[in-house]
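Novice: For reference, the chains in residue letters:
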Amino acid sequence: AQSVSQHNHHVILSEAASLELGCNYSYGGTVNLFWYVQYPGQHLQLLLKYFSGDPLVKGIKGFEAEFIKSKFSFNLRKPSVQWSDTAEYFCAALAPTGTASKLTFGTGTRLQVTL
Amino acid sequence: GAGVSQSPSNKVTEKGKDVELRCDPISGHTALYWYRQSLGQGLEFLIYFQGNSAPDKSGLPSDRFSAERTGGSVSTLTIQRTQQEDSAVYLCASSLIGPGDTQYFGPGTRLTVL
Numbered sequence: 001a002q003s004v005s006q007h008n009h010h011v012i013l014s015e016a017a018s019l020e021l022g023c024n025y026s027y028g029g030t031v032n033l034f035w036y037v038q039y040p041g042q043h044l045q046l047l048l049k050y051f052s053g054d055p056l057v058k059g060i061k062g063f064e065a066e067f068i069k070s071k072f073s074f075n076l077r078k079p080s081v082q083w084s085d086t087a088e089y090f091c092a093a094l095a096p097t098g099t100a101s102k103l104t105f106g107t108g109t110r111l112q113v114t115l
Numbered sequence: 001g002a003g004v005s006q007s008p009s010n011k012v013t014e015k016g017k018d019v020e021l022r023c024d025p026i027s028g029h030t031a032l033y034w035y036r037q038s039l040g041q042g043l044e045f046l047i048y049f050q051g052n053s054a055p056d057k058s059g060l061p062s063d064r065f066s067a068e069r070t071g072g073s074v075s076t077l078t079i080q081r082t083q084q085e086d087s088a089v090y091l092c093a094s095s096l097i098g099p100g101d102t103q104y105f106g107p108g109t110r111l112t113v114l
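Sequence lines, in order, name chains S and P.
Sequential numbering from 1 applies to the first sequence in our numbering.
Sequential numbering from 1 applies to the second sequence in our numbering.
Simulated from the structure, these hints should not be mistaken for lab results.
It is possible that some hints are incorrect.
Here are some chain P residues pointing at chain S (derived, C-beta under 7 Å) [as the list claims (entries may be wrong)]:
(1) Gly42
(2) Leu43
(3) Phe45
(4) Gly51
(5) Phe65
(6) Gly100
(7) Thr102
(8) Phe105
(9) Pro107
Calculated pairs, DMTMM-like style, for lysine to aspartate or glutamate (alpha carbon to alpha carbon, straight line, at most 25 Å) [to be verified]:
(10) P/Lys11 with S/Glu64
(11) S/Lys58 with S/Asp85
(12) S/Lys78 with P/Asp101
(13) S/Lys61 with P/Asp24
(14) S/Lys49 with P/Asp56
(15) S/Lys49 with P/Glu44
(16) S/Lys49 with P/Asp101
(17) S/Lys58 with S/Glu15
(18) S/Lys69 with P/Asp24
Positions of the beta carbon are idealized from the N, C-alpha and C atoms, including for glycine.
Just chain P, with the same shape it has in the complex (with noise of 0.2 Å):
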């Protein structure tokens, strides 16, 4: 079956300017995440949503920040007056039910902020 989809597969942009990262879960799976990773750093959680519930902003870095997930599917991450050290590759996981669950990740986002 399809697997987790991101999209765009790269994106370059100038400092200062917004960007949306876009996710396509599998279909099913009520838990998505976003995580980013940096050069030579592990993967960082970001955000977390699960069903209905109020998501896990825990891990966004600053309120330039933000994501939403509508009708429990597809989700969306904003960076807003992006920075160079905002330049990762932003991946997204999806699972059936919850954060112990096998996560299925994406291809990533490689986001380049010159």
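This is chain S alone, in the form it adopts within the complex (with noise of 0.2 Å):
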């Protein structure tokens, strides 16, 4: 079955330190891979995703992941972080073939940004 792996449960950083959650997928074939971010009180709302192309994606509020296919894995980095990057992050893959219609997520990790 699919899955994606979210190592990092709970993050804790001082802002200005960089940022980097770790992703892996399972899947073997052409995969579409999304961040989703959840900010305290706030909806899920989509980070950044990559479907083809340039391996190195670029999101919102600075936030970028990288598709390394060899390595299965689609990691969240950011620079530096700031107080309001504090929220849930989750990880989630599409395999597009087949009949394969539902976004698995990962667990999420927890980024506590601290003054």
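Take the two lone chains, each set in its own frame, and fit them into one complex as the hints suggest.
Specialist: Now the structure itself:
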């Protein structure tokens, strides 16, 4: 069965520190990848997505993610985090072939940014 | 414009009772999804509606769970004979065409089964 793994469950960083959140997926073929974010008290929203082309994807609020096919990874990065980045981050994958019509989400990473 | 709305925002029920959760997707979105988020878990896919096609029910955990989407718009998720393990946040999302599009999530319904 397809799966998405996020190994960092809770990350605490000071403001201005660099961020990298890990995401690995289990599909062998073509895959579409997403990062969603849930700020405290808000809805889940899309941060960025990868479908094809340049494996380095830029998203909102200075976030980026790199698709590395050989490592089955799609790690999220930000050079300098802000207190307002405190949120829960979810990686998700979609295998668009066959009958796989659903996004598979990881268990999420809670990021806490301290002042 | 209006986003995805869900009602109620919170529901407390007794074990064995039936509950109905409602989702109003963004107008014009043909795809609608239900997910469940349990404490410490990721989002678990439940069901997916796409236009007039038969829904993908592959994520429904048991036959106590069912969902319908009337007129291609509003959807209702029904849980019969609720159990304590059904306690979770139930999220609805919609997208313009299908799962590859950006999914817009509602605020969720927090269900507590006593």
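Novice: Against the earlier hints, flag every one the structure doesn't satisfy and list their numbers going up.
Specialist: 4, 5, 10, 13, 18
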